[in-house]
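K.L.:
Chains as they are written, first to last, in full-length UniProt numbering: chain A, 1 to 276; chain B, 1 to 277.
In short, the hints are calculated from the structure, not lab data. Quick caveat, the model's predicted, so the values are computed rather than measured. Among the hints, erroneous ones may be present.
[Stated by the list, open to error] Chain A stretches covered by chain B per the calculated footprint, using a threshold of three residues with CB under 8 angstroms from any CB of chain B:
no., segment
1, 6 to 17
2, 40 to 52
3, 88 to 98
4, 218 to 226
5, 244 to 257
The beta carbon of each residue, even a glycine, is placed where N, CA and C say it ideally should be.
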Amino acid sequence: MAHIKELIPARPAPAVLHRPLTTSRVIGIGLIGIWVLLAIALLSMMITGWDEAKFLRYGPRYLHGLWTTITLVSISVVFGAILSLPLAFARMSKNRFISGFAYGYVYFFRGTPLLAQLFLIYYGLGGFRPQLEAVGLWWFFREAWYCGLFSFILNTAAYQAEILRGAIESVPRGQHEGAASLGLSKAITFRKVVLPQALIVALRPYGNEIILLIKGSAVVAIITVYDLMGETRYAFSRTFDYQTYLWAAIFYLAMVEALRHLWAYLEARLTRHLKR
Amino acid sequence: MTGPPDKGEVLMDGLFSALGSALAWIVNIIDPLCGPVGIFTWFGNSTLLACGDTGWGDEIASGLQITVAVALCTLPVGLLIGFIVALGQQSEDRLLRLASGIYTTIFRGMPELLTLFIIYYGAQIAIQSLLSSFGYDERIEINAFVAGMIALSVVFSAYCSEVLLSAFRAIPKGQYEAGDALGLRRGRTMILVILPQLIRIALPGLANLWMILLKDTSYVSIIGLADILRQTGVAVRVTKDAFLFYSLACALYLALAIVSSIGIGAIERWTGKQGTR
Chain A
1 MAHIKELIPA
11 RPAPAVLHRP
21 LTTSRVIGIG
31 LIGIWVLLAI
41 ALLSMMITGW
51 DEAKFLRYGP
61 RYLHGLWTTI
71 TLVSISVVFG
81 AILSLPLAFA
91 RMSKNRFISG
101 FAYGYVYFFR
111 GTPLLAQLFL
121 IYYGLGGFRP
131 QLEAVGLWWF
141 FREAWYCGLF
151 SFILNTAAYQ
161 AEILRGAIES
171 VPRGQHEGAA
181 SLGLSKAITF
191 RKVVLPQALI
201 VALRPYGNEI
211 ILLIKGSAVV
221 AIITVYDLMG
231 ETRYAFSRTF
241 DYQTYLWAAI
251 FYLAMVEALR
261 HLWAYLEARL
271 TRHLKR
Chain B
1 MTGPPDKGEV
11 LMDGLFSALG
21 SALAWIVNII
31 DPLCGPVGIF
41 TWFGNSTLLA
51 CGDTGWGDEI
61 ASGLQITVAV
71 ALCTLPVGLL
81 IGFIVALGQQ
91 SEDRLLRLAS
101 GIYTTIFRGM
111 PELLTLFIIY
121 YGAQIAIQSL
131 LSSFGYDERI
141 EINAFVAGMI
151 ALSVVFSAYC
161 SEVLLSAFRA
171 IPKGQYEAGD
181 ALGLRRGRTM
191 ILVILPQLIR
201 IALPGLANLW
211 MILLKDTSYV
221 SIIGLADILR
231 QTGVAVRVTK
241 DAFLFYSLAC
251 ALYLALAIVS
261 SIGIGAIERW
271 TGKQGTR
């Protein structure tokens, strides 16, 4: 029986492979270099341009603006969600007029810029002052804050109605039929069978919609609401310091990134039963 | 630089002005508001919306032209940058992926309005400080059209790269290998094999981005470019008829959206036909 008497001596370790300097690598290093340079330039600008008085003066205002933005967005999202429910059902309705109305509403608010809607509500409805005073709604449409809120609610309701409709329609028919064969009523079927499945589909679009709303909320600064953007414009108009915009950018980016990561976590957590 | 302009310069100037007036003539003919077959020309006479000196029709018509021009100029630039960024994002090099990731994260996370301000004022300050380092001290203002176009293309490209990236991922690896097997170079494979499929896959997403771009053009009114919203705003300040003019602005944006969705439908049918055998 043949067997090995001698072991093969150990081989030397393979030579360390040098990664070749390809074009894409050179470009990559160059681009990262540009980003790093830009970051250093901005940082040095912030450090050399640091002004204690300005910070003490405008810092609290920025935080107040941030709070205004967050309040504005959260109230709009909640009320928009409430308003979007009947809209989504109207859109799915078999009645031509009801679904036509909902389609028109959604088309209008998704087809025109938020800025134009804001002007239409703030300045346009302001022209109907006597009528509004007669019905006692003038206190509402007089304030830029309420008008901004109102137009955001209407706008996000249109987008959320489309998200909800798409999600509800994505639930297969068999689910309705299965629930019906179990003898569940229409309302219970919707609440316990359709909605949970629809909301998982709608989760990601809802996150995108909130991010869009955070970014869109900057336009209320134009109608003199002091949100984060409004405070930034105020600080810039007083100091002519470019840093004011950079601080706003940091705040907005932090908000959006935090929300994005929170949403990724939520989605991973809520869909863990769907993964194989 | 005072001497008489040489012959070539005069010729070029003449050519450009001829081209410009030809373009203006064509735009005037097809102008849907104040052209020969325009809505305001026919129905707006002796109202606030009349064309000419008595009404606001022609101002709003020029605003519409500016809005369309900004959107149309932004589209190719945004698509090109978006394509390059998408290529970077799916590159095998880690640093290149990181660099393009930073780009999309920043410009998708910032409000469009803030991006516009940062580019508008930032470019102004940068050029100013550059010039003052050469000893040239004068206040300069950069063109609002160019600044708006750059800002919108940057935002558009950040979103576009995501759309193109997912379209790239939908193209199977075999297509690249088939290109290699046919002896095509990398660039030829990209243009002849990948790009036609990429466009068809990415078209719905790009159409969506075009709709968003049309709406985002309204932000350029804030840095003083005379687009639809700016011109209607001027009209409102003079006539105090805010509801009419802002409704008109909304109607114009809606009309643009409807026209684009018809155009996009036609393009989709055309590309769909190419795919069927």
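K.L.:
Now look at each hint and say whether the structure bears it out.
P.N.:
Hints and how they fare:
| no. | hint | verdict |
| --- | --- | --- |
| 1 | 6 to 17 | violated (count 0) |
| 2 | 40 to 52 | violated (count 0) |
| 3 | 88 to 98 | violated (count 0) |
| 4 | 218 to 226 | holds (count 4) |
| 5 | 244 to 257 | holds (count 8) |
The structure is inconsistent with the numbered hints 1, 2 and 3, although it conforms to all the rest.
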